[in-house]
Amino acid sequence: MGRAVSTVRRMRLGLELRRLREQVGKSQQDAAEALDTSDTKVSRLEGGKTGLSRLELVALLDLYEVSDRRLRDGLLELNRNSKQRGWWQQRQDVLTPKLVELIELESTASTIFQYEALVVPGLLQTEAYARAIISGFPTPHSPSVDHAVQVRMERQQLLTQDEKPRLLCLLDEAILRRQVGSPEVMAEQLRRLVEINNPPHLAIQVIPFARGAHAGLDGSFLHFTFSGAADMDIVFLEQKDSRVFVEEETSVEPYRIAAEHLRTQALSSPESMTLISAIAAELDGK
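Under the UniProt record's numbering, the first residue of the sequence shown carries the number 1, and numbering increases by one thereafter.
Hints were generated in silico from the structure; no laboratory data involved.
Because the structure is a prediction, the values reported are computed rather than measured.
Backbone N, C-alpha and C fix where the C-beta goes; we use that ideal spot for every residue, glycine too.
Where hints are given, some of them may not hold.
Calculated lysine to aspartate or glutamate pairs in the EDC-like style (CA-CA distance at most 20 Å, straight line) [stated by the list, open to error]:
1) Lys26 x Asp68
2) Lys164 x Glu248
3) Lys49 x Asp39
4) Lys26 x Glu16
5) Lys164 x Glu154
6) Lys49 x Glu65
7) Lys41 x Glu22
8) Lys26 x Asp62
9) Lys26 x Asp39
10) Lys49 x Glu247
11) Lys26 x Glu56
12) Lys164 x Glu77
13) Lys41 x Glu56
14) Lys49 x Glu16
15) Lys98 x Glu248
16) Lys164 x Asp62
17) Lys49 x Glu248
18) Lys98 x Glu195
19) Lys26 x Glu65
20) Lys41 x Glu16
21) Lys164 x Glu195
22) Lys41 x Asp62
23) Lys41 x Asp30
Cβ pair distances, simulated, as ranges [claimed, not checked]:
24) Thr274 x Glu238: 41 to 51 Å
25) Ala34 x Gly212: 54 to 64 Å
26) Thr160 x Gln29: 44 to 54 Å
27) Pro183 x Ser227: 35 to 45 Å
28) Val58 x Gly25: 15 to 25 Å
29) Glu282 x Asp68: 50 to 60 Å
30) Phe209 x Gly47: 21 to 31 Å
Modelling step: build the complete structure from the supplied sequences, incorporating the hints.
So this is what it looks like as structure tokens:
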């Protein structure tokens with residue numbers, strides 16, 4: 001059901017090729033003629049729907065007058081890496097295409113900013129907390145709880161790799177106060193947040209109730225940034241029945257502004273750890 005290559009890397013490459021084409025005033029028909037193919041294939045290339053060979057990429061870079069050696073080499077490497085397989089592509093029997101793309105985003109981003117209003121982010125969840133969350137949110141096509149928990153735990157391998165993104169998670173205080181599972185499960189989860197907090201590589205901060213209205217009240221979001229060739233930002237939104245990726249610069253900008261505002265509203269990391277520890281202690285007493 002899934003695709004055997006990195007759709008996220010293809011998407012990044014396609015967006016950059018479109019930008020380069022438009023920068024020199026070329027049409028998709030011009031690109032199609034250079035590749036001896038159809039306009040439809042060029043459209044699919046730019047949309048990340050299909051890949052291209054090294055020779056095809058070189059032909060487009062020549063057509064678009066890309067002389068910067070660093071950019072050319074970076075795009076060639078991005079194209080080569082787009083054909084690599086990740087662990088998640090061995091699990092596509094239990095993963096939706098959108099979840100595959102989210103995992104690829106997590107694995108290829110240089111920084112991840114996450115604002116979460118409802119639950120502890122998946123990358124930070126304990127197994128018991130994840131099981132309680134997944135059991136409480138059944139969906140029509142969801143895999144078994146055991147499989148879903150296993151995949152969520154496998155995603156967390158990202159946090160122990162040598163090359164890992166910088167992760168900043170801002171959590172609404174409601175997440176800490178909402179008991180998921182038993183008091184023991186929730187207390188364990190809160191202690192886990194304190195244990196793994198390690199700024200600036202993995203920073204967890206809390207937006208307290210006392211802040212009142214803020215830019216995150218309309219929902220949770222993830223903001224991914226990438227380094228190297230085809231620098232770009234992607235925003236990920238998860239809704240009850242869908243996952244949405246926002247890629248256009250004008251659409252990403254409001255989330256970038258919201259992220260900056262939310263940073264100003266959050267407690268410092270030490271203050272956040274003090275609050276989380278205090279709530280965990282309250283749960284231990286129940």
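Tested hints:
no. : hint                        : verdict
1   : Lys26 x Asp68               : holds (18 Å)
2   : Lys164 x Glu248             : violated (25 Å)
3   : Lys49 x Asp39               : holds (14 Å)
4   : Lys26 x Glu16               : holds (14 Å)
5   : Lys164 x Glu154             : holds (14 Å)
6   : Lys49 x Glu65               : violated (24 Å)
7   : Lys41 x Glu22               : holds (17 Å)
8   : Lys26 x Asp62               : holds (12 Å)
9   : Lys26 x Asp39               : holds (12 Å)
10  : Lys49 x Glu247              : holds (15 Å)
11  : Lys26 x Glu56               : holds (16 Å)
12  : Lys164 x Glu77              : holds (19 Å)
13  : Lys41 x Glu56               : holds (12 Å)
14  : Lys49 x Glu16               : holds (14 Å)
15  : Lys98 x Glu248              : holds (18 Å)
16  : Lys164 x Asp62              : violated (33 Å)
17  : Lys49 x Glu248              : holds (16 Å)
18  : Lys98 x Glu195              : violated (30 Å)
19  : Lys26 x Glu65               : holds (11 Å)
20  : Lys41 x Glu16               : holds (16 Å)
21  : Lys164 x Glu195             : holds (18 Å)
22  : Lys41 x Asp62               : holds (18 Å)
23  : Lys41 x Asp30               : holds (12 Å)
24  : Thr274 x Glu238: 41 to 51 Å : violated (30 Å)
25  : Ala34 x Gly212: 54 to 64 Å  : holds (56 Å)
26  : Thr160 x Gln29: 44 to 54 Å  : holds (48 Å)
27  : Pro183 x Ser227: 35 to 45 Å : holds (42 Å)
28  : Val58 x Gly25: 15 to 25 Å   : holds (20 Å)
29  : Glu282 x Asp68: 50 to 60 Å  : holds (57 Å)
30  : Phe209 x Gly47: 21 to 31 Å  : violated (43 Å)
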